[in-house]
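Colleague: Mapping to our numbering: the sequence shown position 11 is 8, numbers consecutive.
Read the hints as simulated data drawn from the structure, not as lab findings. Keep in mind that a hint or two might mislead.
[Unchecked claim] Here are the simulated DSSO-like pairs of lysine-lysine, each with C-alpha atoms no more than 27 Å apart in a straight line: (1) Lys3 <-> Lys137; (2) Lys3 <-> Lys149; (3) Lys137 <-> Lys149; (4) Lys27 <-> Lys149; (5) Lys149 <-> Lys133; (6) Lys137 <-> Lys122.
These figures come from a predicted structure and were not determined experimentally.
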Amino acid sequence: MFEDLKRRLLSGEISFTQALPEALPQLRGKITDDNLLWLSSELQGYADALTFYQSPNHGLPAYRAVPGALYLMRQDGSFEPLNHPYAARDRFFLSAPIHWLEEFSNLQGEDSLVELQEFGAFVAKMGGGVVCSCPKSELKRIIATFRNEFIK
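Taking the hints into account, I'd like the entire structure generated from these sequences.
Modeller: This is the structure we're talking about:
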């Protein structure tokens, strides 16, 4: 059944949003716990994403780091550059579930905005959320890399 899932995923019949929940129960006991955790993180998002900014030995997948800029998105929809030391970096970790990245990669325009929920504690008092603006090609690269790793 897993081979059929891989075939359908490669042919574009189904998305990761459909394939991962179906695949995870079938893979239990057949792949390592680390790989199951990785797949679960791709499905649900990376809960430990702040470690990317806090430690050089974060253990998060390098393919999810993208060039871009961080913005504070206010409740009224306006944006302003995020005033935080983490925003001074040149690469940012996209912790969002893979299906969010699939959806964002299909929207119009060449750039995408991806919410970084892990910054919520930092900006809650400012009245907004944090988004990363990055080239849409980076989302497609992440999706392709994940797909290639998933079907191995």
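Colleague: Which hints from the list above does the structure break, by number from lowest to highest?
Modeller: 6
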